[in-house]
Amino acid sequence: MSARANILADNGGQFGWFSKIGATNEAVNVLNDQPVLFTILIVVLLAVTLQCLLIWYIHYATMKPEQKKKKEPKKDATKPPAKRLPFLRA
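Just so we're aligned: the sequence shown equals residues -1 to 88 in our numbering.
Keep in mind the hints are simulated off the structure, nothing from the lab. These numbers come from a predicted model, not from an experiment. Backbone N, C-alpha and C fix where the C-beta goes; we use that ideal spot for every residue, glycine too. Each hint should be verified, as a subset may be incorrect.
As the list claims (entries may be wrong) - Here are the computed distance ranges between Cβ atoms for each label pair: (1) VAL34 / GLN65: 43 to 49 Å; (2) LEU35 / LYS66: 39 to 45 Å; (3) ALA59 / ILE19: 35 to 41 Å; (4) LYS77 / LEU44: 44 to 50 Å; (5) GLN65 / ALA25: 45 to 51 Å; (6) CYS50 / ALA21: 25 to 31 Å; (7) PHE85 / GLN65: 49 to 55 Å; (8) HIS57 / GLU24: 40 to 46 Å; (9) LEU51 / TRP15: 27 to 33 Å; (10) ILE19 / LEU48: 41 to 47 Å; (11) ASP31 / LYS68: 54 to 60 Å; (12) PRO63 / GLY20: 46 to 52 Å; (13) GLN12 / LYS67: 47 to 53 Å.
The whole structure should be built from the sequences, with the hints applied where relevant.
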């Protein structure tokens, strides 16, 4: 390792918190040296999430009416009276 890499490995730099979640010193040094990699990772994760949401919406929007679950009306909307226990008679 170079002298700069040793310094970065000791104090962690901007991405030092990655070492707390299990990243190696080499990985932390690469991120400190090339922070654009972290930005690319975040952009890719957001793009994949948005793509999944779009796929789900297309699936939901193109469902036939008979494929959609309909809410069943409640059979008895009134609440039955509470049972009285024999030892609680008034």
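Could you check the hint for me, namely that LEU51 and TRP15 are 27 to 33 Å apart, CB to CB? Hint holds: Cβ distance 29 Å, inside 27 to 33 Å.
If you check the beta carbons of HIS57 and GLU24, does the distance land in 40 to 46 Å? 42 Å, holds
Against the range 46 to 52 Å, how does the distance between the Cβ atoms of PRO63 and GLY20 compare: consistent or not? 49 Å, holds
Is it true that the C-beta distance of ILE19 to LEU48 lies inside 41 to 47 Å, as the hint says? 25 Å, violated
LYS67 and GLN12 - C-beta distance against the hinted 47 to 53 Å: 49 Å, holds
Could you check the hint for me, namely that ALA59 and ILE19 are 35 to 41 Å apart, CB to CB? Because 38 Å falls inside the window, the suggested range holds.
Starting from the hint 49 to 55 Å, judge whether the C-beta atoms of PHE85 and GLN65 obey it. 53 Å, holds
For the range 43 to 49 Å, tell me whether the beta carbons of VAL34 and GLN65 fit it or not. 45 Å, holds
Has the hinted range 39 to 45 Å been met by the Cβ atoms of LEU35 and LYS66? 43 Å, holds
Do GLN65 and ALA25 keep their Cβ atoms within the hinted range of 45 to 51 Å? Holds - the Cβ-Cβ distance for GLN65 and ALA25, about 46 Å, lies within 45 to 51 Å.
Given the hint of 44 to 50 Å, is the C-beta distance from LYS77 to LEU44 inside that range or not? Given a distance of about 48 Å, which is inside 44 to 50 Å, the answer is holds.
Could you say whether the range 25 to 31 Å given as a hint is met by the Cβ separation of CYS50 and ALA21? Distance hint for CYS50, ALA21 holds at roughly 26 Å.
Comparing the model with each earlier hint shows a violation of hint 10 alone; every other hint is respected.
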